[in-house]
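Going down the list, the protein sequences come from chains A and B. The first sequence maps to residues 199 to 731 in this note's numbering. The second sequence maps to residues 93 to 290 in this note's numbering.
Some hints here could point you the wrong way.
Unchecked claim - To give an idea of the chain B side of the interface with chain A (calculated C-beta under 8 angstroms), a few residues:
hint : residue
1    : Ala120
2    : Thr121
3    : Pro143
4    : Leu193
5    : Thr196
Because the hints were derived from the structure by calculation, they are not lab data. By construction, the Cβ of each residue, glycine as well, lies at the ideal position given by its N, Cα and C atoms.
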Amino acid sequence: MDRATREERTEAAVPNVFAGDEEDVETANVPKTLREITHEEVAQFITSLHESIMAEDVDRIRSLYERHYRRLSDKYFKEKTWPEPQKVAKIIDEGLFQILYRELFYRHIFIKLRKPVLADRHSAYENYISLFTFILDADAPVPFELPDQWLWDIIDEFVYQFEGFVQHKGYKAHKQAYPEDWDVKVVFNVLHQLITRSRINEQLEAFQRGDNPADVADEFGNHPLYRMLGYFSLVGSLRLHTLMGDYRQALEAVRNIDLSKPKLISNVLTCQVTIYHQVGFCYLMSRRYHDAIGRFEDILYYTRSTDTQNMYYSDYHTIRSKCEHITALLALAHAMEDGAVKDMYRAESENLRKAADGDEEAAAALFKKGAPKFVEPSVMFASLDGSDEVADAASDDTASSSSKLATDTQLQVFLRDFRRRKNMVNIRSYLKLYESLKISKLASLLGKDEDELRLHLHAHKRRTNQLVWSAGKQPLAGTRQCADTLDFYIDGDTIHVASITVSQGHGEKLLQATQRLMQDPRKEATRFLRTRK
Amino acid sequence: MDEVHELLETFEQYDNVHLPRLVQTLHATIEGRDFDLDIANAILRLYRFYPSDFDADTAASILMGALMQLPENDFTLCLSLLHPSSLEHEKVKQVLHMHELLETCDFVEFWAYLREHEDLLDLKLKSPVEYDDLTDEEYERMQNGEEVEPRILHEEMVLTCHLSDFKTSILEYIAHIVTATYQTIPKSTIEKLTGDLD
């Protein structure tokens, strides 16, 4: 089996992943009854999946999951569901496989068909609980493994379905039917237990110290399934806290993850993108604009540079749309920073320009595009019998407007700082022109009196003085420094302007020049040669 | 206190049965001249989850504590956790206004405003009623549909304390801004910025 999959994988180095892979799925053991309820290929897929899970053949599971699941979904199930789990269960009566199959079944409904009904949400929830109970209640690590991508998708989907649940219109009705479904405490508890069981934080800390993580982890922590679920749960917690506007706890959750290089984080691309997106957003709301820009740029450059490989990635379109969100936020962060605008923001250049000029609507548009879909916590605990007035007012809203309320709350917090920045726009452009000038002169140039001007100068200092993160530190940490390339100080009655340019290492300069060379050889080459000496 | 922090690491932090203890611990830390942002955030979070537990005085007190942490961004983070309706309360509005003045560095206005609202320095924290756990027998009776009155462990309390360090903290913040901005500064300007305090 192994050799077959390896050969097949080298073949797949050729583009067009979605054709001609049927051979991998073929097996002689497809039950006849399975063939009766669905297409031949799908029957083969289901059987192969079952066999490889039982055989703990991770490579084969990965191949089935990453390519065939998507391909078959697109081919046969664009408008309908996969074969009913109950029907499949009659043929393949195996608990663990059933749980995993149902996970795929419901995920398809939520993501592709986008029309889950009450029963779907309920069953999907129960299925996740079964899965996590099975994994967490065990005395010894459970005897199965899944590929990283699937593990990440489980955690991500779990949080995503929770988010969708709290925001959907039938929330109240569902809670009356099944009051215990999708309880936020349960969701948190699951993530928390996965984290503690795998001792992932201890492992990461040991790794940073240079120790061997295997020493601090027990049999659970050393088992790949638990370790990766623990790791992905850290990111799940990051997402969950951000959804509720708790940015500090969000950053705390990933305190042991090294954000200096996307590659170090995980080999699952959607996980990498999610971490940088969420962390960047937390920085944005913590007014650490410099760091927000840093993280957004890191991941955008990374996805851009790995674009040719990513095209074969089954979630490619998800990545592309997430990158659009990130770009919107990046534009917003730049608008707050008065920094140089680079050409990658072409998509948002109009909004960026307007936001940089203090246009609130443009800023709000960018914010709503890139921000997570916040959930309104008060909705979750509203008593359903109407005895609680304040809570009832909250739950009376339809779900979408409660989510709007949550988003508006966060938007307002952001806009408060945005509005303060509006006043500084002119001052900076004048400062750029001088090495030193008297306060009185600047005041008259701006048409403001000296006292008012001092106010603005102080406020500018306040805003550009931020905590700045450096590689190797925890996300919440940072050193206070001026985050602007333009700095100034006042001596007596004169303003002295200093331009801080961070000197890049030669290596970086060479890299950048080479990249430019690749874009337009003739033009860039002559320019490069001219600036060399 | 570590017990409380451990509590905040688990999902227990979302259970409002812990609210009394959190408020009491926060009060103790403020009196000890410390402001625990984690506990403060936890309280605000519980207010968001259980709007009926919301107490404007406590929230305003937390925000005052957060103001003392400037230039750190604790205040903004606390703001993110507040339900918009909370912003309608008079006391909360006043603290918000002070924050606005401090962020725009309108220090002269700030000191004037503080002089008129010295009462904001008197913090009031409400610790709600704390009920004892039900015994198994009581729990059974409740399951059968009977009305069971839970026993009260602690009555509702209003804990007070006076923020004597508030002005000092703000002065530190102003000093931070001033030293970052100036090499030399005329004495009269300093006096104006510090509201003619010493």
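Cross-check of the supplied hints:
1. A cut of 8 angstroms between beta carbons decides the hint on Ala120 of chain B: the least distance to chain A is about 21 angstroms, and the hint is violated.
2. Taken as an interface hint, Thr121 of chain B does not check out: its beta carbon lies about 17 angstroms from the nearest beta carbon of chain A, beyond 8 angstroms.
3. Taking 8 angstroms as the C-beta cut-off, the interface hint given for Pro143 of chain B holds, the closest approach to chain A being about 4 angstroms.
4. The interface hint given for Leu193 of chain B is violated, since its Cβ lies 10 angstroms from the closest Cβ of chain A, which is over the 8 angstroms cut-off.
5. With a cut of 8 angstroms, the hint placing Thr196 of chain B at the interface with chain A holds, because the nearest CB-to-CB distance is about 5 angstroms.
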